[in-house]
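Student: Next come the chains, spelled out residue by residue.
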Amino acid sequence: MTKLLDVKNLNVDFRTPLGRVHALRDINFSITKGKIVGIVGESGSGKSTIIWTITQLLAKNAIVKSGVANFNGMDLLKADNDTIRGIRGEKISMVFQDPMTSQSPVLTYAQQMNDIMYRKNELSSQEKREKAIAMMRRVGIPDPESRIDQYPHQFSGGMRQRAGIAMSMLVEPSLLIADEPTTALDVTMEAQIIHLIRELQKETDTTIMVVSHNLGLIAELCDEVIIMYAGEILETGKIEEIYSNPSHPYTQALLACDPARESKKTRTLSVIPGDIPDSHIKPKGCVFASRCELAVQHCRTEKPENYRISRSNHLAKCHLLDPKKPLPKPQSNFKKIPKTKISSERFSHKDKEKLLKVNNIRVQFPIMTKLKAKLKGINDPYVDAVFNASLSLERGETLGLVGESGSGKTTLGRAILGLVRTKSGSAEYNGRDLCQLNSREFKPLRRNMAMMFQDPVGSLSPRQTVRSLMVEPFKIHGIEKNYDEEAKRLCETVRLPENFLSRYPHELSGGQARRVGVARALALNPEFIIADEPTAGLDVSVQGEILNLMNDLQDEHGIAYLVISHNLPVVRHISDKLAIMYLGRLIETGDSANIFEKPAHPYTEALVNGIPQPDPKKRRKLLSIEGEIPSLTSRPLGCEFHPRCKYVQKKCKFDPPSIKTLSDGREVLCHFPLQT
Amino acid sequence: MKAYKKKIILSLPDVILPEKLVLFLRNPMGVLGFTLVLLIVISAVFAPLFATHNPFTMDIANRLAGPSFDNFLGTDQLGRDTYTRVLYGGRVALQVAAIGVSVSLIVGLTLGMIAGYGPLWLDNMLLLLFDAIRSFPTIVLALAAVALLGPSLSLVMTIVIITSIPGYARLARTSTLSIKNTEFILAEQSLGASMKRVLAIHIMPNVIGPLLILAAMDVPVVVTIEAGLSFLGLGVQPPTASWGTILNEGYLIIRTTPWIVIAGGIPLILTTLGFTFLGESLRDVFDPRLRKGK
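If you read the protein sequences in the order shown, they are chains A and B.
Using the numbering used here, the first residue of the first sequence is number 1, and each one after it goes up by one.
Using the numbering used here, the first residue of the second sequence is number 1001, and each one after it goes up by one.
Keep in mind the hints are simulated off the structure, nothing from the lab.
Hints may contain errors.
Below are the DSS-like pairs computed for lysine-lysine, each with C-alpha atoms no more than 27 Å apart in a straight line [what the hints assert, rightly or not]: (1) A:LYS443 <-> B:LYS1196; (2) A:LYS8 <-> A:LYS284; (3) A:LYS423 <-> B:LYS1180; (4) A:LYS372 <-> B:LYS1180; (5) B:LYS1020 <-> A:LYS475.
Isolated chain A (complex conformation) (with noise of 0.2 Å):
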């Protein structure tokens, strides 16, 4: 058991024309040899910071003012530019999270992994050529002898991803560091990368730091836990016990805040309330105290020492774990918020009627202009980003659209906006199409419905103040109002506090911002909501109160809610039913609960299992889902799903599906459903 990093007492300042923020105070932990230890904590924490800091790839405005980081006996923080260049190549690698950007897009993999190799002398470039492609094949690329020759662009994000990890593990490094390795992938590839990782760990006993934000990632991956909150450490041990017995009260907050421990419909979860503290200002006592539920007055004066739980390495920083004071022990007090109403007799089926029926909604893109397109040929120059979708909303009622990056769920709420032009279908609404209005016509129709968008800071247009924006939809539709009470009303209906409305969008949190996206979309008591992302960019403790937000709304308002969403636990949460979308197809729809219980189509199944558990106990050991989404430029023949099921048969691969209906209503685009 030796350590192979051993941080000490680190603080790291940087300098801002505010004043210097302090990113990193008092950090102390170790890593083992051959485990693979994971840096968990919210936006804002300092957990990447830690990691530019070793590696002495800090920005200039940092001064980091003491520590010791010792790595094989040697101190990383003093070592000069050469030393930490050679380490950097040698013996610590990286992982980035977007391999979008991360690697170089005018090199061939070939080049690039050579360069990496460029310290190794002794071998020819022949060898070094091999090494590389043994390195992709390892890495699960198919055909590497050739891929191998092709640029970064040529490779989809899932093998992109793949090929960082190679280039990574191709010098052998003693230490690999993975910063959120799978944020910018799929559910399903990011089974596969945390299985290659898991792999290739076994294999050649690298230590391993990731460094994430998904608690199922870390659950799923890592040996060892450290915690980070407004930079600093406050729990630190084994994964195990972290998780089944979390000690300080921000832990077991973040555990409770994740949809996916829950596998029922809740409708509320837990939530942290309150922000990140402002780093500007050193706390006198512990960093948690102004969100912690079980604060004393002792709290916030004093600062917590680290406090052993178990015999093991597990360590606390709270004061409510001091032996010596016998204070009451820290306790699970993040239950759920009571609901005032209860679920079932909210918004009841009394009056339900269709909302909006989607029948067979066909959206193209072209793929070059009509003059190339007559020139090189082709008859029909698109793609089919949505296929004959069809759906339908009651009143009050939540549909969850669930699928893959560029299954066209997003597409497909947009044309129902009327924001994207259909091809054919329609979308009925009150008995109008939507799709056949122009946008004249549209434009009384848009106060009944609005959309939440994907990016919550940057679907605010950036110079116009919180005020503004919330009572733009009045000015648009041209109803005089009391805009100033207006504005207050919305403030309270999102729980947004009053002076934030002179604030411009850079100034809000994610979850702040998001609220305002809310406030803009109830403005006008609309009947229904599409909601893209609802939760995307915001921290698992955020996320909880967007969720519960809208649902109490829905609660009052009677709004349905179309969620676009690739997050399934949050989905589960949230959707009276569920439709499944694949190349732009649908391939299950029907009730959210009988759908997680029982998926009738191979994918729903394969989705509904990579949902990575934060619990270190349900490790998966196989892989639900193999390969990756097809291009929609090239769809299979047959039923489009067939290259990646594991139920494949014969006649999948010539005939395509027809939609079938189950016994419990729903429907399903396969052969053979698993139910029936």
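Take the given structure of chain A and dock chain B to it, following the hints.
Tutor: Then chain B, alone, in the frame of chain A:
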């Protein structure tokens, strides 16, 4: 909005200046440029207050005098006070610059945003128009126009405006294109906002920043065009004072009395430097891509 501003003013002792202002104030070139610009603008606006003489009063007895307490920068060949004439010349220069730059900025911004946001055919047509105008060299176009229509200040301004519109329009068009497909514009469309509203309220504030910087750096160009044409006798006509005419008058007698050329040249140099420094430091502050150290 009001409450936010008030808070800052009330807590002045420990006021937190906006980050951009701090960055700007830390840039010595920017502060120098800003001071110069301020100086020139004040001297031009309040020229009658600072002037010691009437710019048109001749004093033949005292002609071509050197600097003295009575005439700070001496007198010209007709005995007019050069200092006063330089002040009044600044009025002409800045008038041309202000009107020329602001009109071309507004027209260019509008056309550029329409080209970027509107349909493709309109974009292509406007681009063709911009490129056609840009293909004429400014000075040569001005010379030709003056030769045809006779010299006048308004003609100079018209030429300046027409030739600088495409620059602004192209910049506005590119910025509009880059934010046209962002989520917040889509969000506005989903609310049913009209094209006019999207352009004026949501695109314009995001596009105008770089354009204002370009405008600040364009001022010296316009000032030199005006001075150049006036120097050639094609712009401002005597006896109106302009830096160009002052230079022209001094140029004839440069061997005997260099004062006049120096007096006419220095404000030109200071204006150019001032606006260029100001524009460059504004660009450094507002365009993070060019900022160092991050």
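Student: Are LYS1020 (chain B) and LYS475 (chain A) close enough, with their CA atoms no more than 27 Å apart?
Tutor: violated, 31 Å
Student: Does the alpha-carbon distance linking LYS423 (chain A) and LYS1180 (chain B) stay inside the 27 Å limit?
Tutor: Status holds; Cα separation ~23 Å.
Student: Decide if the proposed pair is consistent with the structure: LYS8 (chain A) and LYS284 (chain A), CA atoms, cutoff 27 Å inclusive.
Tutor: holds, 21 Å
Student: Is the straight-line distance between the alpha-carbon of LYS372 (chain A) and that of LYS1180 (chain B) 27 Å or less?
Tutor: With a Cα-Cα distance of about 25 Å, the restraint between LYS372 (chain A) and LYS1180 (chain B) holds, given a limit of 27 Å.
Student: Run the distance test for LYS443 (chain A) versus LYS1196 (chain B): straight-line Cα separation, threshold 27 Å.
Tutor: Satisfied, since the Cα-Cα distance of roughly 15 Å is no more than 27 Å.
In this structure, the one hint that does not hold is number 5.
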